[in-house]
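Let the sequences and hints guide you as you build the complete structure.
The listed protein sequences correspond, in order, to chains A and B. Counting in my numbering, the first sequence runs from 14 upward without gaps. Counting in my numbering, the second sequence runs from 262 upward without gaps.
Wrong hints could be hidden among the right ones.
[Stated by the list, open to error] Here are the simulated DSSO-like cross-link-like pairs (lysine-lysine), alpha carbons at most 27 Å apart as the crow flies:
#1 K15(A) - K329(B)
#2 K83(A) - K367(B)
#3 K48(A) - K83(A)
#4 K108(A) - K329(B)
#5 K114(A) - K367(B)
#6 K15(A) - K48(A)
#7 K332(B) - K367(B)
Bear in mind the hints are in silico, worked out from the structure with no lab data behind them.
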Amino acid sequence: MKSFIKLAGLTLVVLFISTACDSNASLQKYYVDSKENNEFISVDIPSSILQLKDTEVSEDIKNTLNTIKKVNFLALQLNETNQELYASEKLKVAKILKNPKYKQLMRMNMGKGSVSVNYLGEEEAIDEVIIFGSDNEKGFAVVRVIGDNMNPSDIMKLANDIKLDGDSSQLKQLEGLLSGLK
Amino acid sequence: MKKLILIIAIAIVSVTSYAQSSIFDKFEDMDDVTTVVVTQEAFRMMAKFNVGGNDEGDDYLDMLKGLKSFKVFTTENPTISKEMNNVVSKYLKSSKLIELMRVKDKDANVKIYVRQGKDEDHVSEMLMYVGGVGKYMENSDSPVKAESVILSLTGDIDLNKISKLTETHIPNSGLNKKQ
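What follows is the structure, encoded as structure tokens:
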């Protein structure tokens with residue numbers, strides 16, 4: 014009896030440790046690691062790009078903008094040579110996102126392609142919004158909007174008012190990438 | 262001894278992640294099926310942060326707060342459509358869903374079922390099934406491809422609020438509760 018209790022206790026401890034260790038596999042780590050890999054395209058966009066042309070901007074909007082720190086864009090474009098990489102990396106990302114700390118909002122699956130939107134943080138204070146899209150013919154991309162206590166409805170309101178700073182070199186770089194992906 | 266095994270079993274079950282699974286989930290992995298899933302987290306967020314100030318306001322919010330999951334499965338593949346039909350029929354036979362309304366026209370067959378919720382005005386589940394594939398098989402030059410759709414909405418759904426909202430968007434949809 015005693016040895017059974019010991020065994021059960023040990024099992025529980027092992028289970029607990031394995032789930033705790035798993036939570037360290039984060040998208041942030043994956044992003045940093047993947048940047049090193051030449052097959053990936055990665056772009057970091059700081060929030061300074063989201064400048065409003067009008068100077069008559071309300072305090073609310075300014076405050077909301079301040080909650081967005083930056084946007085990460087990571088993509089793996091599918092070509093003749095990296096089929097296996099695409100499959101294994103896509104699985105890696107999906108596995109990371111399965112971690113309960115990434116709460117799923119919605120997902121859409123169209124056979125060949127899929128999109129999922131998840132977030133990290135609390136309902137009232139979102140730290141990260143993650144959009145993961147994949148297309149078996151084109152590749153996959155992960156977009157992370159990183160901030161501090163982001164409030165989704167404020168951000169939506171902002172999206173309506175926003176005028177991107179069109180002269181920024183980073184935006185041009187992003188545009189170049191996106192048109193290359195198409 | 263038995264108690265110990267039971268406790269351990271419960272502990273293991275609670276450690277593994279719990280997801281809202283339904284009998285229709287198997288369609289999600291099929292290639293010719295388009296799936297859309299919106300989770301409870303999303304509804305809670307939408308309700309907390311009312312996006313855009315529309316007139317529907319409070320009703321909309323209250324309704325969103327109660328929703329648990331929203332799943333839509335669509336296919337144009339005739340084999341999968343037949344399977345959808347079978348799964349829906351089996352599900353209806355075994356569950357306490359009752360037919361709320363049905364619409365039939367030359368394009369499709371729409372049926373809506375609900376499961377009674379906490380009271381007369383609420384339903385805990387709404388299932389909409391559109392069976393349309395097959396009607397166009399003979400007529401191959403028809404540009405419209407018929408689809409089969411399974412739409413499942415679960416949660417605390419207030420029928421009155423739903424009918425109010427659908428009336429705004431789709432006049433005379435006839436979804437008003439039978440008085």
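Tested hints:
1. The suggested pairing of K15(A) with K329(B) is violated, with an alpha-carbon distance near 44 Å, which exceeds 27 Å.
2. Only pairs whose Cα atoms come within 27 Å are accepted, and K83(A) paired with K367(B) is rejected, the gap being roughly 52 Å.
3. Simply put, K48(A) and K83(A) have alpha-carbon atoms about 16 Å apart, close enough for the 27 Å limit, and the pair holds.
4. With a CA separation close to 24 Å, the supplied pair K108(A) and K329(B) stays within the 27 Å bound.
5. Between K114(A) and K367(B) the CA atoms are separated by roughly 48 Å; this puts the pair beyond 27 Å, and the hint is violated.
6. For the hint pairing K15(A) with K48(A), the CA-to-CA distance comes to about 51 Å; that exceeds 27 Å, so the pair is violated.
7. About 26 Å separates the Cα atoms of K332(B) and K367(B), which keeps this hinted pair within 27 Å; it holds.
When held up to the earlier numbered hints, the structure conflicts with 1, 2, 5, 6 and fits the remainder.
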